[in-house]
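> Produce the entire structure from the sequences given, and follow the hints as far as they go.
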Amino acid sequence: MEKVAVNDFVRRQIKGSGKTYSDSLSFDAMAKDAEKQMGNGHYKEGYRDGVRIVTGSHSLTDQFICPFVKINENTMLVSSVVKRQIGEEAYIQTRAKTGTTLQAGRVEYILYRHNVLAENDEQSTDAEWELISIHAIPEGVDKLPMGPVTMMRNQLKLTGGTKAHYSPEEWAEAVRFWQKYAALDES
Numbered sequence: 001m002e003k004v005a006v007n008d009f010v011r012r013q014i015k016g017s018g019k020t021y022s023d024s025l026s027f028d029a030m031a032k033d034a035e036k037q038m039g040n041g042h043y044k045e046g047y048r049d050g051v052r053i054v055t056g057s058h059s060l061t062d063q064f065i066c067p068f069v070k071i072n073e074n075t076m077l078v079s080s081v082v083k084r085q086i087g088e089e090a091y092i093q094t095r096a097k098t099g100t101t102l103q104a105g106r107v108e109y110i111l112y113r114h115n116v117l118a119e120n121d122e123q124s125t126d127a128e129w130e131l132i133s134i135h136a137i138p139e140g141v142d143k144l145p146m147g148p149v150t151m152m153r154n155q156l157k158l159t160g161g162t163k164a165h166y167s168p169e170e171w172a173e174a175v176r177f178w179q180k181y182a183a184l185d186e187s
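Residues in the sequence shown are numbered consecutively from 1, following this note's numbering.
What the hints contain is simulated information worked out from the structure, not anything from laboratory work.
Bear in mind the structure is a predicted one, so any value in this text is a computation, not a measurement.
Any given hint might turn out to be false.
The calculated DSS-like cross-link candidates involving lysine-lysine, where the alpha carbons are at most 30 angstroms apart (straight line), are [unchecked claim]:
| hint | residue 1 | residue 2 |
| --- | --- | --- |
| 1 | Lys19 | Lys157 |
| 2 | Lys15 | Lys44 |
| 3 | Lys143 | Lys163 |
| 4 | Lys97 | Lys15 |
| 5 | Lys36 | Lys3 |
| 6 | Lys163 | Lys83 |
| 7 | Lys180 | Lys157 |
| 8 | Lys3 | Lys44 |
| 9 | Lys180 | Lys44 |
| 10 | Lys143 | Lys44 |
| 11 | Lys180 | Lys163 |
| 12 | Lys97 | Lys83 |
| 13 | Lys83 | Lys19 |
Here you go:
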């Protein structure tokens with residue numbers, strides 16, 4: 001069985017981060033679930049070789065908090081200039097100040113293979129695969145597109161990005177989706 005370890009980058013996904021998180025599961029428990037699910041074939045290939053999207057165990061879905069709200073004409077939005085990590089370019093992040101977070105319909109674990117992380121010296125362990133992100137997908141949403149800022153960082157090979165190329169359709173789908181949903185700012 002291919003081993004999955006926790007990458008330091010995923011550890012930012014805690015309450016108040018605007019990201020999917022769990023109050024009851026440790027990151028190690030999530031990595032173990034990803035390892036088990038991947039071993040059982042519950043994954044699809046990601047946006048490039050060495051990236052996998054693993055479907056989390058259905059029995060654990062209710063232990064994850066989905067941070068997203070559906071935007072409507074009453075949603076108050078706030079934008080800030082932020083950086084994910086030291087050394088990265090700042091970008092404009094938009095969050096919802098109002099709204100009710102959506103129920104998670106399923107959870108996806110994003111795994112990167114060691115050699116992909118090593119391209120930018122972003123590996124945290126010697127494991128073959130590392131958990132770099134967790135996504136609680138809202139009920140009724142078939143596919144959660146990558147955020148356009150992440151796509152830009154990847155395609156332009158900016159600091160913090162992982163080399164990739166996206167089709168015009170992928171860009172359009174991502175922009176369209178993120179015009180309808182935003183993470184709730186809990187601060």
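> Would you mind marking each hint as holding or not holding in the structure?
Cross-check of the supplied hints:
no.: 1; hint: Lys19 <-> Lys157; in the structure: holds (23 angstroms)
no.: 2; hint: Lys15 <-> Lys44; in the structure: holds (28 angstroms)
no.: 3; hint: Lys143 <-> Lys163; in the structure: holds (22 angstroms)
no.: 4; hint: Lys97 <-> Lys15; in the structure: holds (15 angstroms)
no.: 5; hint: Lys36 <-> Lys3; in the structure: holds (9 angstroms)
no.: 6; hint: Lys163 <-> Lys83; in the structure: holds (19 angstroms)
no.: 7; hint: Lys180 <-> Lys157; in the structure: holds (27 angstroms)
no.: 8; hint: Lys3 <-> Lys44; in the structure: holds (17 angstroms)
no.: 9; hint: Lys180 <-> Lys44; in the structure: holds (25 angstroms)
no.: 10; hint: Lys143 <-> Lys44; in the structure: holds (12 angstroms)
no.: 11; hint: Lys180 <-> Lys163; in the structure: holds (27 angstroms)
no.: 12; hint: Lys97 <-> Lys83; in the structure: holds (20 angstroms)
no.: 13; hint: Lys83 <-> Lys19; in the structure: holds (15 angstroms)
Taken one by one, the earlier hints all hold for this structure without exception.
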